[in-house]
Structure formats: C-alpha cells, structure tokens
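Both chains are sitting in their own frames, so use the hints and assemble them into the complex.
These are the residues of each chain, in order.
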Amino acid sequence: MEFSGIPLKKLRAAFFDFTSCEGCQLQILNHEKNLPDFLSLIEIVNFREISSDKRDDYEIAFIEGAVSRKDQIDRLKDIRKKAKLVVSLGTCACYGGVNAIKNNFSIESMVDEVYKENKPETIPVQKISEIISVDLEIPGCPVSKIELEYIILCLALGSVIEKKKYPVCIECKQNMNHCFIDKGSLCFGAITRAGCDSICVNGGLPCYGCRGPSASVNWMSLKNILIDKGITEEEILEKLSLFNSLNEVIKDEN
Amino acid sequence: MKIDMNINISHLARVEGHGDIHIQVKDGQLVDAKWSVVETPRFFEVMLKNKSLDMAPLIVSRICGICSISHTIASIRAIENALLITPPEKAQKLRLLALYGEILQSHSLHFFFLAMPDFYNSHSAISLMKTKGEIYEAALRIRGCANFICDIIGGRSTHPVSFCIGGIAKTPNIEEYTYLAENLSKIVADLEFAAETSLSLQMPSFERETEFVSLKGETNYQLIGGSLMSSDGVEKIENEYLAMTNEYTVDFSTSKHARLSRDSFAVGPLARFNNNYEFLHPEAKKEAEKFNLKPINYNPFNNNLVRIVECFHVLYKSIHLIEQLIEDKSKDIVSEYSVFEAEGIGAIEAPRGILYHHYQINKKGKIEKANCVIPTTQNNGNIHHDLSFLVKQELSANKNDKNITHLCEMLVRSYDPCISCSVH
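Protein chains in written order, with the working numbering: chain C, 1 to 254; chain L, 1001 to 1424.
Some hints could be false.
What the hints assert, rightly or not - Taking lysine-lysine pairs in the BS3-like style, the calculated list, with each CA pair at most 25 Å apart, reads: (1) K145/C to K1130/L; (2) K145/C to K1170/L; (3) K1402/L to K54/C; (4) K1002/L to K1392/L; (5) K1369/L to K119/C; (6) K54/C to K1132/L; (7) K1364/L to K183/C.
Said to hold, decoys possible - Residues on chain L that point at chain C, a partial pick, calculated with CB under 10 Å: (8) I1007; (9) H1011; (10) A1013; (11) R1014; (12) F1119; (13) S1124; (14) K1132; (15) G1144; (16) C1145; (17) G1154; (18) S1253; (19) P1295.
Hints listed in this document are in silico derivations from the structure and should not be mistaken for laboratory results. All residues carry an ideal CB built from backbone N, CA and C; glycine is no exception.
For reference, chain L alone in the conformation it holds in the complex (with noise of 0.2 Å):
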C-alpha cells in the first residue's frame, strides 16, 4: 500500500517538558522521523559560575522538579569528590535511603500517571482513577509513602533541604524511623496488587539493539559514584565521563545528544536491569520473573515494566537500610572540610539514568567552571533512532498513522524523559 503521513505531534502530553515527534512518510517510505526538543535552556552551566560552593546543590536542584533529590547528591559529590572530603557513613546511608525514596516517587508517578493511561485508552489518571480506582488508591499510598522518606529524610521532597556537603544537616528521630518503616511495611502489598495488575499490560513488540551504560554494580545495584559501564563492554572510571558521555549539538533540537560505541546509547531503568541484573534484590528478580524480563533486554517498552521491578528492589532495600539506621547510633553526620583549587565529578544513578555533575572550583572557594550530563541528554540520541525503527516496523505491518502515532508517543513516553532537565 503507497501511503503518505504528516505526524506531528506538538508537547507531547505526559512527559516532563516540551518535545515534538515529526514522523513524514512518502508512498510508504519513511523520509523523516525525529525527536525533537523544544524545551527553552536555562544555561545552569553557566549560572554556577563564580558561586559560592554552598549554594551550587540549592541552584542546580532546580533543574528538576522530579528529581532534584538526585541532581542535590550528584552535585554534592562532585564537591565533595574535588575537596577529598568523605562523608560519614551515616549521612552516606541517609543520602541513599532518599535516592530509593525519589527512584519509588519518580517511578510510580511515571508508571500510573504518565504512562497507565495509554494502556486503556484513557487522557489521564484523572480519568481513570474513576474506573481504576483501586489501582489509584494503591497507588497514590505507594507515592505518599515515597514521598514521605524524602520528606524525613530531605526536609521536603521537591527540592530538599537537608544535605550539605560533608553531610547531612539532620537525622530522623527514632518515632520518624519507625513510622517510616512501619508505612514502607505496608505498601509491599499496594505494589505486589500494582504488579499483580500490571501482569496484563502488553507491551508493543519491538526491539532495536542498542548499548546500555549505567554505574557498575560490583557488589550491589550501584546507585552512587564508582565506575561506569557498558554493555558493549566499555569501562571507565567516573573521573573519565567525558568519555563516556561525548555530547553533540543537532540542528533541531536544543537539548544536546550522545553517542559512545554506536550512534546512540541508552540509560535508566532498562540500562540497569541489564548491566546490574545479578545484584536487584530477590524479590525485584521474582517480580521480573513474572513479566518475563531477562537481561539482555532490547525492547524500550519495557522500561516501563522495569520501573516495576526497581520499585521493588528500592522497596526492600529502603526497609532494610531503616533497619540498620535504626541500629547506628553514632552522632557524627557531618565531616569538616577546608576548601582549595580543585576539580571533582558526581556520578549517580537518578531515576531516569546516569546522572554527572562536574565543577571546578578555584581558590577562593567559588565554582569557576560547570559542566553537567543529564539521564535524558543521554537518551535523545536512542528516542531518536528508535523512533525510525518503530515507524519503519509499523509501516511493513500496514499500520495507519493513528496506530503509529499512538505507537510513538508511548515509545517516547516508555523513557519517561526529563525535557527541561535534559536542556537545562
């Protein structure tokens, strides 16, 4: 069939800021498919410049309102990475007990409100909480409970309070652990009920072979600093990012791309599964039993399925790391620092991928130069080329552009991009 297509779809709903899918087909032939970021930059980079060290983690949260928990500790990092300053094992503790907080808020909001609603047929979650109302209030207490660590942990859950570089300003008190642990108790059964209906989700078939980097997990599902990887087998140390990372400008977006062994790479969920898969959780690993998922996985869709799995594992290991919290009495949550010409880099795992903050900071204790690598900047580049692919796929199938565009919004929704912080 010789079929023409103008598809352009502009902001795309449910996704954080503003991208447009252009997809041309001429006599059943794709001409052009592309992911394009509209999103305005706010030129962070440059705003840190000549800023006191303090005040760095308080700017560059405001990258992100999803996930500005991450952007605090990367941050915090690579100041701390640059002064050679180590962080008292507590703090470390708390600083990751609010990271599996924020990936639980951050997942959960992606899986029931952004991306449910494409699976029924539905607007929103708004919408569907009418219909689906048990799934919601199982949701909505796994998201206050998510919200919740970060707000006993962070001071406030949208751009928290409490961290500061050598540590952290305050710990929980027993009562506050308590209840924590208690709630978290709780909500395993929302998420089983959540997973259990999520069974019969059916994801498109679809697979595009790609490179996955992520943190290396050497003895755990490495969500902190340490090296990087990927699964084409490159290995560098965090210092190296660069390397790893080799951003580019393309002429129709204004978020940058990436590239590292292939034209495009991907990170976040699907990217840790398959490079961290050995070190999830038990319960994580039954969970991706019963949806199939087995590492290596090449199917982006799936992203979404792996939320699942990654809200189990931060689950569990949130209770667990309560447990030893609640055993550690010690006092000492902030290490004194002296400030000195220097350079550091922060790599983390944020909840949509691999996350770098990267500053240079001269005598006088101010930052003097930026740089700063986002989950999604890393992704464009895969949305991009994935996009292609899929039409190529659904055309070969006889599809119609309302399938196709359909199909495409949710692939780009399955990365669950972060616009303004990929623009930054």
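Chain C extracted, bound-state conformation (with noise of 0.2 Å):
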C-alpha cells in the first residue's frame, strides 16, 4: 500500500481501556467519511469496545484512562512488555484527567460515601507514565480524531510527528473568537498546547487546558491578567485543576 507514492507499513495495533469513560476510543470510529481510509492504515489485533477477536501481536498500544486499582499495574506492565511503542491516548492516560479530582479526598470517606456495603478496591489515580515508560502521548478529553490519523499516518509512514508547540489562543484568534478573558472571563487558551482548533472556544465554553501546558508558558503574567480582572484565586485554582493537567506551570509559583 502506498500514501502519495510512498510505501506504507501496516500497523498492528491494540487498543486497551484503563479508567475512563472510552470516548477516546469512540473517536477512532468516527470522522466517518475518513474511517475505511484511517482503517487502511492499521491492522487492529486487539480492540475490545468493538471486536471480540483479540491477539497479542501488537507493535503499538495505545492506552486510555488512568490507573485506579492495583490490578490494571500489571496488566499495564504486561502490555508495556508485548508493545514495541506505547501511546498514552487522550488526557485521562496522559495526564489522570477528571478522575484525578478524587485524589483530593481520602480514599476511606470516598468509599463510604458511594458504597454503604460491598465496598471497592481503589487507589489514587495515577497517568499511565507513572507506571511504564510512554514513548508518545496524544492528550485531548477527548482526543481529536483529526489529529489522531495524523499521528497515526506518521507512524505508518516512519515520519517525524510535529507537535504543536504554541498555544490554543493562536487558533483561538485565527477563528476569530471574542475572548474569553477580554470579556472578563477566565480562560486557559493562552497556556494550552494548540492542536484542538480551539473547538471548546468556538462553541462557546472557555479553554480549561486538556491538552497541558504549551511550549513555554509565562503562568504569572496570564494569572495577573486574571486577577486584574476580578477572578478569584480559588476559581483559577478550582478551573486550572479540572483535568490536572495544567499542574506544571504553577509549579513554581510557590
């Protein structure tokens, strides 16, 4: 098979589910006028949302969700050991997403809560690169399919992939949003790794940085802005904090 006259390689991939909600997973089924072509370009050996077929031949795993219980270690650790590449897909995998929230809360008052009797295992949430090495993550909640095939067709065609280095605020402007913040809002655009066409922007809710940081990020001087215009610490620390993604750049606040 060929892409513009360049010989393509088949890829066996996988797909696995760790603590998340699979709509990472659901973008790969959509962009559906693209979908026989994306398919095209991957052999899919293991992928249990939409086969009941499943090898272990994989060269790539692409991983969703977080790690939540201590059983998913070592079926991450088994993984790690069959997969020539690992891809941490979409926020939860790259960075513990929303679920990361829980770990705000003892774990004890949090299964007493849900749980009145026959009370589950947990433990805190963790990304997939804190437990294996990761060699590419692709975050997003959720991922963007567009960027997805993508990274998938440099994969398929031994290319290097390009990830964006600035800021969602530059295709934010280029769509010519009204922003967020000049109308006295918060927004995370401005430190958020571009990729996503601003789409949260374009329909009307500001960026909250799925994606984590871009390339070099100056946090005080947008949480200046921030403060100048009357928001309060605790909702930028409230707002910064949702997917827990955005925790290295207040890092050296303190």
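Right, here's the structure in full:
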C-alpha cells in the first residue's frame, strides 16, 4: 500500500481501556467519511470495545484511561512488555484527567459515601507514565480524531511527528472568536498546547487546558491578568485543576 | 443429559466498559449465573463536592464517552430545577435536537458495530465491512449525520461545549440548519435500507416478564423531564426518583443494582417502546409493524430492533424540529439566574434508558451533595436475572456450552450496557 507514492507499513495496533469514559476510543470510529481509509492504515489486533477477536502480537498499544486499581498496574506492565510503542491516548492517560479530582479526597471517606456495603478496592489516580515508560502522548478530552489520524499516518510512513508548540490562543485568534479574557472571564487558551482548533471556545466554552501546557508558558503573567479582571484565586485554582493537566505550570509559583 | 459447564467470560467484548459473565452448570442443573461488573469506580458523586455549578455539567459529561450529551443535559436540568430557571424555548428545542442526535449516534453505533457481528458469526464490524459493504456504507452515513447534529448543536459530539446553565451558548446559522436538514433527509433512504436488511436478522426466542421503567409520555414520546412510570403501574414525579430506583450493592459487582416492584426492572429502548408506544412517530410505528413488534414485549433481544425503530422516530422528529427552528427568529437563548441554597433533580431518557442527576446546592453556589443514577445500573439486575432464565431455557433444549456462551453474550449486548457509566 502506498500514500502519495511512499510505501506504507501497516501497523499492528491494539487499543486498551483503563479508568475512563472510553470516549477517546470512540473517536476512532468517528470522522466517518475517512474511517475506511483510516482503518486501512492499521491492522487492529486487539480492541475489545469493537471486536471479540483478540491477539497479543501488537506493535503499538494505545492506552486510554488512568490507573485507579492495583490490578491495572500488572495489566499495564504486561502491555508494555508486548508492545514496541506505547501511546497514552487522551487526557486521562496523559495526566489523570477529571478522574484525578478524586485524589483530593480520602479513599476511605469516598468509598464509604458511595458504597454502604460491598466496598470496592480503589487507589489514588495515576497517569500511565507514572507506572510504565510511555513513548508518545496524545492528550485531549476527548482526543482530536484529526490529530490522531495525522499521528497514525506519520507512524505508518515512519515520518517525524510534529507536535504543535504554540498555544490554543493562536488557533482561537485564527477562528476569530471573541476572547473570553477580554469579556472578563477565565480562559487557559494562552498556556495550553494547540492542536484542537480551539474547539471549546468555538462552541462557547473557555479553554480549561485538557491538552496540557504549551511549549513556553508565562503563567504569572496570565494569572495577573486574570486577577486584574476580578477572577478569584479560588476560581483559578478550581478550573486549573479540572483535568490535572496544568499542574506543572503552577509548580514554580510558590 | 447430565452435563457440567463452566462459562467464564472475562471483559466481554463489544460493550462499553468491563463486565464478566459467569455460568456454572452441574449435572445439567444451573448452579450459578452471574452478570459481574468489574469496572473501576471513579467516584463522580464525591468529585462534584464543593465544585462550582458551571463545572458540574463538564465533569459529569466525562461519566460517559458515548452518552455525554445526555449527562450534560440531565446535569443542567437538575441545576435549573433547583434554581427555578426556565431556559428559553429555543434553547430547549436545541437541547432536544442534540439528544435526538445522540440517540441516533449511540443506537447506530450499537446496532451496526456492536450487535450486528453476532448475527453474522463475525468478530467485529471491521471484518464484516468487507462482506457487507453496502450496509456499512449506509451505517457510516447515518452515524456521520448523527454526529454532525451533535457537532452543530453541542459544538462537539463527545463532551459537548455549547450547553450552559440557563440555555445554550450559541445557535446554528441558517446555512447550518439547511445543510443539516438536507443531510438528514438523505439518510432516510439509508435507514430504510438498513432496516430492510435487518428484517432477516433472527432475534433469539426468549421471554421473561419484567417491569419496564421510563419517563411517562403525556402528549409525546417523552425524552426530557416529566413524570416517571413503570409498566407495573407505579407513577412518580421527577423529584421522587429515589422511590423509583432503590439502588443497592451486591458482592459480585462494582456497579449497584436497582429494583422497584419485582427483583429487577428494565430501562432503555424496549422499556420506552412498551410504555410510550402510542407516541412514536407514525414512520417508526410502521417500522415496528414490519418487525412484528407490539407492546408489551418481554424479549430483551428485541432491544436491538427497537433501536432501529427509535432511529426512525428521532430522524423524523429531528427533520421536523429543524423546520421549526428555521422559523424561530428569537434571539433569546439564555435565561439569567441567581444562586441560592437549593436542591434539584433532572431526569432524561439517555439512549440506554432513564438517567437521573440530583444535586444539593449550598448558598455559596457550590455542589454540596450529588447523586447520579445511570440507566445501565438500573438494567444490571435485569440482565443478571435474565441470564439464569436464558441458561435454564437453553439447557432444557439440550444446547451445548458454545451455543449458551454465544447467547449469553448476545443477551448482555442487547442491553447495550454502558459499564463505565454504570459504575461512575
């Protein structure tokens, strides 16, 4: 098989789900017009959500979700042993995602509140790279199918994957959205890595940074602007921690 | 024939999330049949504590990657009911249109990609695409159009961004409405073709009388808010949802179970069909007649066919609703609101059945306490009890373990369980 005259390597891929909503895996089946072409780039050998056939001879393992129970650790290590390339797919896998909000509560009180009896086992949420080495991270809640198509095409061609270094703000300006900060609202588009085409702001929601920080971030400058606009530290911190993806940018603050 | 069987299916394929089936037969007698959900709990109810109101719909959307629009709408409805907010009529219409889109998206995903391979002895839709190309071309156009509705109204099909407390953040323009209407009209033929092909699919013969719970139709096939009803005659208002769900834990599942008048009840397409048949769109009723489906129907495998019937319903309703929206020149899309200490419940029909969100809001405008009751949680007990009945029926027909395994898997799939959702 060829793409613009360049031979393609059909990759044997597996998709695995950990603690998540499985929405990132669902994106694989979306973008319907391109689906047959997309599927021709990979040989899916293990994808429980859509196939009852499963094999272990995969080269690439896509991991969706975070870790929140002990048995998942062994399962991850086993996948790492079998795969040549491990990819964290989506914000939960890359950063813990909304699941990590749970880490602000004590495990015991949390389990007691939800389960009166037959209490299940659970541990604090960890991202995939805290357990095994990860070769590539594709953040997004959910991942952008267009970005995923581009990355899989790069892998099939053996070409370099160019990650966007600039922030969502650039894409947002190109989309001519009315700036949330100008309107006096909070938005993290200035410090979040581009690649989503500012989809949230286009639809009317500020950016809460699900894709993690962009290459160079001036957090204190953005924070001062937000405070000047009358936004409280409490609100900034609550929204900054929605996806557990921007912790790194406030690390140096204290 | 005296036979022994040990069927253990770990992480059942072609369902959302992680669930296991365990069947034990000794000397031809059923010893144990279990539907065991092993998904990791995420504790969404705890995560919502002390969160700002505008964060709640965004967080709970992540309960489910397939029905995120349903969770968003139910969450917003709970907050609006608490704070006595009436969203503008146009915003209500747009939310309903997005829900139609999500039902079409979710039902077509299930029917063509998760369930259909069972009827052709195939492992997956990906391999079936090679032999049933025409069906899958139609299926992809149907799903594409369904996702397009969600994208246009919600800003994105998974984890929507345009819904807000009080209304909706943006409205489509006339070009988008027109394009949407044209595309929806085009896929009528695709859905008819898919339905025609499905007439030959043989649903396994099985019946177990149970109770069906759904929203109660008064003048239409109710999908957002209103009263709650069961086929055993229980009726409650939206705020009395706890009396309708009665959740409890079991030692073999991380998801709770629920019960009402019997050991278990069912929600979802077949429950809505049984309870609100008279309000289905005439084209959907015609389709039901072709499938020989009439209420009240006790075969859970027919959930598969009712999904197609409901696809017709939401498709025609969407086309009609877009016509209304094109005429609606109102600019009013968000209602203002103030925050006070309050409590509210939002009930809606998600693709897999009735879904409830319940929040207590403190005077600072933060969530004090939250409860979410998920369709699959309500179905778990019914799936569990169905399994025993099905295995006993098949044992008396002298079926072997391979047949029984296949049927048990199909049974669970026919409910289209959304397992991560049910554990949340």
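To see whether the hints hold, each was checked on the structure:
no.: 1; hint: K145/C to K1130/L; in the structure: holds, 23 Å
no.: 2; hint: K145/C to K1170/L; in the structure: holds, 23 Å
no.: 3; hint: K1402/L to K54/C; in the structure: holds, 18 Å
no.: 4; hint: K1002/L to K1392/L; in the structure: holds, 13 Å
no.: 5; hint: K1369/L to K119/C; in the structure: holds, 20 Å
no.: 6; hint: K54/C to K1132/L; in the structure: holds, 22 Å
no.: 7; hint: K1364/L to K183/C; in the structure: holds, 23 Å
no.: 8; hint: I1007; in the structure: violated, 15 Å
no.: 9; hint: H1011; in the structure: holds, 6 Å
no.: 10; hint: A1013; in the structure: holds, 4 Å
no.: 11; hint: R1014; in the structure: holds, 6 Å
no.: 12; hint: F1119; in the structure: violated, 13 Å
no.: 13; hint: S1124; in the structure: holds, 3 Å
no.: 14; hint: K1132; in the structure: violated, 13 Å
no.: 15; hint: G1144; in the structure: holds, 4 Å
no.: 16; hint: C1145; in the structure: holds, 9 Å
no.: 17; hint: G1154; in the structure: holds, 7 Å
no.: 18; hint: S1253; in the structure: holds, 8 Å
no.: 19; hint: P1295; in the structure: violated, 32 Å
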